[in-house]
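Student: As a plain string of letters, each chain reads:
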Amino acid sequence: MRGKRAGARRVERRVSAAPATAAGIAEDVGRRRRSAVEVVSESLRRIEELDGRFGAFLEVTGELALEEAGEVDRRVAAGDALPLAGVPFGIKDNVWVAGRHTTCGSRILAGFRPPGDGTAVGRLRAAGAVFVGKTNLDEFAMGSSTENSAFHATRNPWDVARIPGGSSGGSAAAVAARLVPAALGSDTGGSIRQPAACCGVVGFKPTYGRVSRYGLVAFGSSLDQIGPLALTVRDAARIYRVMAGPDPRDSTTSGEAAGDPEASLEEGVRGLRVGFLAEAQSAGLAPEVAADLARARQAFRDAGAEVLDVSVPRAAAAIAIYYVIASAEASSNLARYDGVRYGPRLGDSDLKALYVETRTAGFGPEVKRRILLGTFALASGYYEAYYGQAMRARALLAEDFSRAFASADVLVCPSIPSAAFRLGEKVDDPLTMYLSDVFTVPASLAGLPAISVPSGLADGLPLGLQVMAAPFREDLLFRAARAFERETAMPADAPPAAR
Amino acid sequence: MAAHRPGSVTPDVVRRIAGLARLRVPDPELPSLTAQLARVVDHIDQIREIPPEALPVGLPPPPTPLRADAASPGDGERALASNAPRLLHGHGVVPRVVGTAE
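Which chain is which? The protein sequence lines are D and P, in order. Numbering of the first sequence is given in numbering that gives the first Met the number 0, commencing with residue 0 and proceeding in unit increments. Numbering of the second sequence is given in numbering that gives the first Met the number 0, commencing with residue 0 and proceeding in unit increments.
Chain D with its partners taken away, still in its complex shape (with noise of 0.2 Å):
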């Protein structure tokens, strides 16, 4: 009696995650087939049911959710034409969503409330996006495992020993497990693309300056993009086309069009010069990664692409850099949770006092590791050696990388250097830890658009392929990820730990 009960909750389960991407649910609900409220309770019921499992999310708030969702299938009713309608959206707990919480993962923003929407999730919201709740990261975002979060780690939908990948690791196994459709992270250094590929969904950090950076907690200026979590190009696509623009509360938000990248998505990339990353194929990959890299090269042959190598030689150094600039204006972002301006008020028998109580209680090991690295970099006697030459060397890349872009359209590398590992496995280890990203954050000091598609599985386990265009090339980024995602053999189903 006991096994049958049990068979018959599988099926239950099967149906009810039969895939649904937000394209899918936004034609649904705008042609009345379903409705938001319908949709949004269905999210919801998954995140009750499951997320038990893996930790995607800090805060659900279902009830703003339904009441939200119920103004989507008014505005539906009334006739507006909404690109996400009811699609419900988790959002990485460092952006602002109005009558939500923003903790950034970290004990010193606890209970904070921003004072409404950032702008992208005020542009979501406007396409009839419905935000169920606010995911977990590393502390500030700061970190490629999600075990850096002051409330608890995330855990991978593939398997849940291992990690989801970070910082944006609860909207990667948020979407991997199928618990909403789509998902905003955050990028700084490959924090959208790394997880992606560790968790097998797609991850897209657009071109510096396309997506406001208002509302969004600030890690590396120079560097931090916003960016979608969904389970097909297309709703990357999609999501991108609704946030980009420029934003008078952003000045760094470019003025150039962003076109519409889902219009030309189908379009191939016969013809098209598909650049292979040269260091990336000598840099001792994993034999899975380096098979799978194989097969990618066949698939965009057989795409009716022209397939080259391309050096970028100082991608080799990215990591180096990275870790200097990135660090520098943690360091100097990080100066306002004070006691005064953010955080708990402690040790406030003098001013002194206050500022460091707070600080050393707010702030976990690997925030306070990337402040002391930035400080070290900026301070008298190592500025020059260090964020001086710092800063020269990522002018380089830069240089390096336009050069790779006259002879290629797009460029191609592995996303990540090894699938997914162990919870715990890198903790104590800072910077095993960080050469995780040592194929995101090439992209990052470019401040190029990057894309990763999920490329199979190896052992159970996702692996992703990355995509680089030039700068607010998107529309290539978008074809080339497209014609690589029809090419390869990623399992349509959530994993199982999500059925």
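In case anyone wonders, no lab produced these hints; they're calculated from the structure. Take the hints with a grain of salt, since some may be wrong.
Unchecked claim - To spell it out: a stretch of chain D is covered by chain P in this simulated footprint if at least three of its residues, at any positions, have a beta carbon under 8 Å from a beta carbon of chain P; those stretches are:
| # | stretch |
| --- | --- |
| 1 | 138-152 |
| 2 | 164-175 |
| 3 | 244-253 |
| 4 | 365-372 |
Stated by the list, open to error - Facing chain D, from chain P, some residues (calculated, C-beta under 8 Å):
| # | residue |
| --- | --- |
| 5 | R77 |
| 6 | L86 |
| 7 | L87 |
To be verified - Take a look, some chain D residues computed to stay more than 12 Å from chain P by CB distance:
| # | residue |
| --- | --- |
| 8 | R73 |
| 9 | R106 |
| 10 | L264 |
| 11 | S310 |
| 12 | T359 |
| 13 | R472 |
In this text, a Cβ means the ideal position worked out from N, Cα and C, and glycines have one as well.
Since the structure of chain D is provided, determine the placement of chain P on it from the hints.
Tutor: Quick look at chain P alone, frame taken from chain D:
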């Protein structure tokens, strides 16, 4: 501070930068933190091999455009009310930050 030499991330250097960063490093944590930072700095030291004159040629990036210096609504008062530990006459109360030793 003296100019950096490779391998010179010492416990004393870590203490001094922690002071600048307004962080306290408890004594038992100092050796492992020093070792972790020294290993990262050793990796970073590769960028010091780039000759300073190796600057890319070309135009500098355009300056960041600035918006008009005009007030616009930002829901600041509502946010202050929900986050400030203490309000007095509609203002957030903070510890004394001027006229102190800091």
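Student: Work down the list of hints and note, for each, if the structure agrees.
Tutor: Evaluation of the provided hints:
| no. | hint | result |
| --- | --- | --- |
| 1 | 138-152 | violated (count 0) |
| 2 | 164-175 | violated (count 0) |
| 3 | 244-253 | holds (count 3) |
| 4 | 365-372 | holds (count 5) |
| 5 | R77 | holds (6 Å) |
| 6 | L86 | violated (14 Å) |
| 7 | L87 | violated (15 Å) |
| 8 | R73 | holds (24 Å) |
| 9 | R106 | holds (14 Å) |
| 10 | L264 | holds (31 Å) |
| 11 | S310 | holds (17 Å) |
| 12 | T359 | violated (4 Å) |
| 13 | R472 | holds (18 Å) |
In terms of the numbered hints stated before, the structure departs from hints 1, 2, 6, 7, 12, listed from lowest to highest.
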